[in-house]
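One-letter residues, chain by chain:
Number of protein chains: 4
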Amino acid sequence: MSGSTFGKLFKVTTFGESHGEAMGVVIDGMPSNLEFELSKLQAQLDKRRPGRLKESTSRVELDEALVLSGIFENKTLGTPICVIVKNNNQRSQDYEVLKTKARPGHADQTTIDKYGIRDYRGGGRASGRETVSRVIAGYFASLIMPAVTTTGIITQVGPHLTGSKYTSDSKLSLGDKSLDDKISTYLLDLKSIGESCGGEIKVKVSGVPKGLGDPCFDKLKATLSHGLMSIGSCMGVSFGYGDGFKSALGSEISKERCVFGGIEGGISNGEDIYLSLIFKAPSTVGDNAKEGRHDPCILPRVVPVIESMIKIVLADHYLINKALFIK
Amino acid sequence: MSGSTFGKLFKVTTFGESHGEAMGVVIDGMPSNLEFELSKLQAQLDKRRPGRLKESTSRVELDEALVLSGIFENKTLGTPICVIVKNNNQRSQDYEVLKTKARPGHADQTTIDKYGIRDYRGGGRASGRETVSRVIAGYFASLIMPAVTTTGIITQVGPHLTGSKYTSDSKLSLGDKSLDDKISTYLLDLKSIGESCGGEIKVKVSGVPKGLGDPCFDKLKATLSHGLMSIGSCMGVSFGYGDGFKSALGSEISKERCVFGGIEGGISNGEDIYLSLIFKAPSTVGDNAKEGRHDPCILPRVVPVIESMIKIVLADHYLINKALFIK
Amino acid sequence: MSGSTFGKLFKVTTFGESHGEAMGVVIDGMPSNLEFELSKLQAQLDKRRPGRLKESTSRVELDEALVLSGIFENKTLGTPICVIVKNNNQRSQDYEVLKTKARPGHADQTTIDKYGIRDYRGGGRASGRETVSRVIAGYFASLIMPAVTTTGIITQVGPHLTGSKYTSDSKLSLGDKSLDDKISTYLLDLKSIGESCGGEIKVKVSGVPKGLGDPCFDKLKATLSHGLMSIGSCMGVSFGYGDGFKSALGSEISKERCVFGGIEGGISNGEDIYLSLIFKAPSTVGDNAKEGRHDPCILPRVVPVIESMIKIVLADHYLINKALFIK
Amino acid sequence: MSGSTFGKLFKVTTFGESHGEAMGVVIDGMPSNLEFELSKLQAQLDKRRPGRLKESTSRVELDEALVLSGIFENKTLGTPICVIVKNNNQRSQDYEVLKTKARPGHADQTTIDKYGIRDYRGGGRASGRETVSRVIAGYFASLIMPAVTTTGIITQVGPHLTGSKYTSDSKLSLGDKSLDDKISTYLLDLKSIGESCGGEIKVKVSGVPKGLGDPCFDKLKATLSHGLMSIGSCMGVSFGYGDGFKSALGSEISKERCVFGGIEGGISNGEDIYLSLIFKAPSTVGDNAKEGRHDPCILPRVVPVIESMIKIVLADHYLINKALFIK
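Those protein sequences? They're chains E, A, H and F, same order as listed.
This note's numbering puts the first residue of the first sequence at 1, with every later residue one more than the last.
This note's numbering puts the first residue of the second sequence at 1, with every later residue one more than the last.
This note's numbering puts the first residue of the third sequence at 1, with every later residue one more than the last.
This note's numbering puts the first residue of the fourth sequence at 1, with every later residue one more than the last.
Bear in mind the hints are in silico, worked out from the structure with no lab data behind them.
It cannot be assumed that every hint is accurate.
Since the list gives no way to pick one copy over another, a pair counts as held whenever it fits inside one copy or between any two copies.
Said to hold, decoys possible - Computed cross-link-like contacts, EDC-like style, restricted to lysine to aspartate or glutamate with a CA-CA straight-line distance of at most 20 Å:
| id | residue 1 | residue 2 |
| --- | --- | --- |
| 1 | K86 | E21 |
| 2 | K99 | E73 |
| 3 | K86 | E73 |
| 4 | K202 | D243 |
| 5 | K177 | D287 |
| 6 | K86 | E64 |
| 7 | K54 | D243 |
| 8 | K255 | D243 |
| 9 | K255 | D287 |
| 10 | K210 | E35 |
| 11 | K75 | E21 |
| 12 | K182 | D272 |
| 13 | K210 | D113 |
| 14 | K54 | D189 |
| 15 | K75 | D113 |
| 16 | K47 | E37 |
| 17 | K182 | D169 |
| 18 | K165 | E271 |
Predicted model, so just to flag it, every value in this text is computed and none were measured.
Build the full structure now, drawing on both the sequences and the hints.
Here it is as structure tokens:
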């Protein structure tokens with residue numbers, strides 16, 4: 001209830017501070033008898049692992065998944081899944097300076113104001129490291145809806161437009177893989193001067209069955225927005241035509257259903273869902289950032305987190321729909 | 001659970017189809033002993049009432065609030081509040097044609113796909129009429145947090161930029177009241193040719209105490225997005241610098257906390273919250289729209305709905321915080 | 001969240017004070033396309049209606065169900081059901097004396113202590129009248145699980161054992177219909193002297209499919225207990241052998257599964273469920289009670305409430321199971 | 001949602017199968033800045049630890065608490081608490097026979113029926129071992145309400161009445177410590193012949209503030225019943241006079257508020273709460289039981305579990321009340 005649980009039937013609770021013992025997730029509401037493969041879960045974790053990309057933070061974490069419950073002989077038992085990942089590379093001493101300093105755009109000051117206490121060794125719960133738990137949950141969500149595919153691409157990195165092709169062949173998840181080298185150089189340059197940048201990510205979601213979402217508060221666009229906007233640094237979300245809707249007339253958008261981004265009246269219509277996300281630059285800049293354990297741009301590492309979050313939202317709707325409406 | 005409930009402690013459940021007997025709301029989680037004034041509730045309802053603006057739908061509803069429970073001698077009892085509003089002007093015959101026709105961008109087809117049944121007399125649950133219940137709930141939310149003020153302004157109507165001053169003196173809620181006549185003419189023209197348009201609304205929220213929101217799934221920006229994106233036709237939401245974050249560098253945005261829109265690390269920092277919403281044009285165009293019971297542009301009527309939804313979200317966070325963290 | 005909602009998927013929210021405008025219920029989570037018959041709903045309400053039995057309170061209420069939402073052409077829409085029942089016979093003046101007097105065993109004093117305000121005209125939310133909303137919800141639950149039958153019988157009335165046959169032919173719902181006259185006389189005598197009594201109700205539930213309930217907090221016996229113990233004056237609940245379990249040895253009870261009351265490990269095993277409930281005497285005695293608008297014994301009127309509550313609990317488990325585990 | 005979460009604000013989620021990697025609990029909704037002492041948590045765990053009493057199972061577990069999150073410098077952070085306890089003494093080979101055999105009164109058959117899969121090495125989620133997680137949560141609940149004390153006593157062991165004094169000086173938690181030796185002998189005898197027995201536990205809860213509980217579904221007696229009846233082998237619960245209510249007349253029980261067990265109208269009245277629980281004999285009897293890793297009577301070990309569960313329920317109500325009603 002202090003907001004570390006998401007979902008109603010596929011109920012995901014994450015726990016762990018960035019510099020505590022471990023990060024982890026409990027899923028209460030996992031259907032039974034689905035096949036679990038540790039290597040596939042690990043592959044998902046590896047996609048967001050710090051240290052994988054040289055353009056990213058130099059914090060190294062192995063992020064090895066340790067299953068504590070809910071799996072037996074490689075099948076889900078229908079009981080709560082608990083998977084943890086240990087925090088190995090904590091280097092708390094790096095953060096001693098943060099004991100008294102509140103970084104703008106971080107949760108430092110707001111955490112003190114709200115809780116009266118803060119694990120000053122790092123971002124605590126507000127750290128991007130929390131998203132490792134979401135990637136784990138996303139893997140389990142994908143067992144429920146194996147036909148759903150998500151393709152997240154980076155379409156803008158700071159001032160650079162980086163292509164809009166839904167592809168998975170770019171090393172940096174750009175929408176145009178031919179720009180990988182250029183953007184890599186740009187990010188390394190930012191890193192070297194202690195600067196950072198934001199950007200835009202677009203996602204195409206395919207294989208969503210008709211009928212997900214509810215016509216009132218839990219419109220699919222609303223719960224997806226909840227999930228996605230709960231990712232740190234995500235500052236905006238839009239669906240279908242996005243910004244284009246502001247000036248478009250009714251006659252222009254009423255011809256095809258796809259302009260609504262695969263959702264009509266809050267309910268999926270079976271077509272691909274398109275959405276777009278705005279990310280701000282990491283707030284840590286200057287000397288702190290130069291020391292290296294910060295991302296000059298979190299977008300490449302955030303793509304698998306976004307994809308996981310979308311799958312979590314869809315799995316929850318799918319189960320609710322299975323209970324109430326799908327024949 | 002089929003998504004007509006919002007909130008965890010300030011729990012708002014809405015009910016009613018646009019052409020059924022009544023619209024209504026139950027609030028379970030209303031604190032006791034707060035002063036209730038029917039005239040003030042009615043004043044809120046009047047702001048979104050169809051028929052108030054000539055630029056809007058010609059459906060006329062009195063939308064008179066009828067309190068069924070939770071109030072005694074003009075005070076809240078702490079028991080569930082139920083308030084209903086009758087549907088008087090249903091004119092179901094207007095909609096007979098819709099029995100077999102699914103309008104793009106509406107919930108018509110998706111409702112049939114999901115539920116196997118539809119109240120074809122109108123939008124049913126997906127109708128904008130459902131928002132009357134949210135305005136009622138917003139009034140009760142404002143009793144919990146009387147210091148919060150919300151100022152929603154329309155900054156774009158179709159192709160027209162309409163000012164960005166946070167003011168409440170424009171008849172049409174524009175950001176520049178001197179444009180009222182011009183935009184009024186534009187909307188009446190659209191109405192006469194059966195055309196419609198979208199636009200942009202920006203909101204400034206003042207008086208929010210520090211400490212609302214949680215660092216994980218229920219970041220304040222996430223729950224606000226959930227609530228706002230659950231309003232029909234709302235296609236995008238962003239906070240603070242919004243689109244500007246895509247290209248801004250870290251050094252540019254890390255100087256002032258206000259650029260983050262009053263929220264840092266998912267938690268309110270006590271400064272004003274700024275957010276921006278994208279709305280699509282109503283999907284009903286052509287001959288159907290000319291007959292008159294449709295809005296050429298829902299923005300003027302949606303402003304009080306947005307303000308109510310924001311208050312609902314804040315009241316829920318406020319109560320959770322009161323339980324767990326505020327001294 | 002102030003506890004007027006029950007259920008996770010079949011979400012029942014009741015509202016209304018005994019002397020307010022109306023009692024009512026909203027069900028969010030009603031499956032669509034189920035056949036609704038107003039006369040059958042009304043028949044359920046009639047079973048618990050005050051004034052039906054001369055042995056009961058002389059408050060007369062018609063308790064006519066008024067459907068506000070969720071039904072169209074006699075089918076459920078899948079949208080929230082709202083049904084209300086007006087409070088006609090309020091006679092608030094009867095209760096003027098209660099303005100300053102707190103009755104032991106009632107919520108009078110605790111309500112003041114908790115809320116700082118009380119609708120002194122009657123029991124408010126704590127009134128037995130609230131259960132009219134549960135009977136409505138029970139009707140809708142029965143649409144989801146038409147095969148479930150509940151047979152509640154009164155096995156003790158004050159000092160009198162009243163039979164233990166699961167039958168529905170006793171006018172007073174006794175376990176032995178031949179005792180109807182004797183118990184009727186006993187109750188009228190109690191009424192005439194301003195006295196009251198408690199008793200015991202046993203219930204047999206048939207037609208429950210295997211697999212309802214969860215192995216941890218939501219064991220079927222636990223959620224049934226929650227629902228049943230939330231009925232005013234219910235002071236105890238037990239399953240299967242009940243009291244007999246205290247002294248029975250393991251070898252005695254391990255031969256047959258039925259001794260566990262149709263539930264093993266918290267999950268229904270497909271056999272009949274047996275449970276037993278303890279009820280206290282109404283606390284209003286003496287001159288107040290003689291004036292007549294009080295029940296000398298609530299058991300006959302509470303039987304349909306118990307049956308409804310059981311169906312509500314089962315429907316919720318059934319839907320959850322349908323989402324997660326039933327093939 | 002598959003029922004491993006309890007509470008609305010003090011949200012306790014347990015996980016772990018008896019023969020999996022670990023048992024554990026996540027608490028989302030722990031207030032911040034409360035003092036944590038590992039030794040005190042460990043002391044609670046030691047009370048229910050298998051192997052502590054020779055009259056109990058011979059399974060030996062150290063049950064050492066390992067804190068994964070939510071604590072920093074011995075204070076609660078306000079973030080989710082996760083504590084786990086490893087399963088060391090699994091001896092799965094003991095259970096190989098259970099692969100194909102379903103024990104009556106256990107969840108063996110119902111688990112297969114519901115989930116289509118079972119961790120046949122033991123009771124899985126339905127094992128009494130799950131309650132280790134509840135004892136951990138109970139410790140944290142006690143930090144929220146340090147003034148609450150619970151005294152659970154065993155008042156009946158099979159055929160033997162064992163005293164009714166609320167005392168904590170009996171080694172076996174009997175209501176009369178002078179019977180410790182006699183009951184110890186009785187239990188060892190049962191163990192030696194592979195027999196088991198049930199009994200009764202009574203609890204006195206002191207220090208509960210006024211105002212906890214809600215007048216409708218979440219009456220304090222209802223949520224306590226939910227929590228307590230979710231403990232394996234608990235087959236009945238009653239409050240105050242318990243069974244005595246069946247025959248007592250209204251005039252007899254209306255003199256003193258204490259007969260209602262500290263709860264009136266579903267809300268605590270500030271007096272001590274009294275409740276009584278029926279427990280069935282463990283279902284494992286005969287040769288299986290003789291081999292020794294089973295309790296002939298779970299009552300001595302279940303007392304700390306009951307006390308923990310009561311504290312969990314109270315803490316949740318306390319926080320809700322703090323949000324909504326306590327000044």
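Any of the earlier hints contradicted here, and which numbers? 5, 7, 10 and 12
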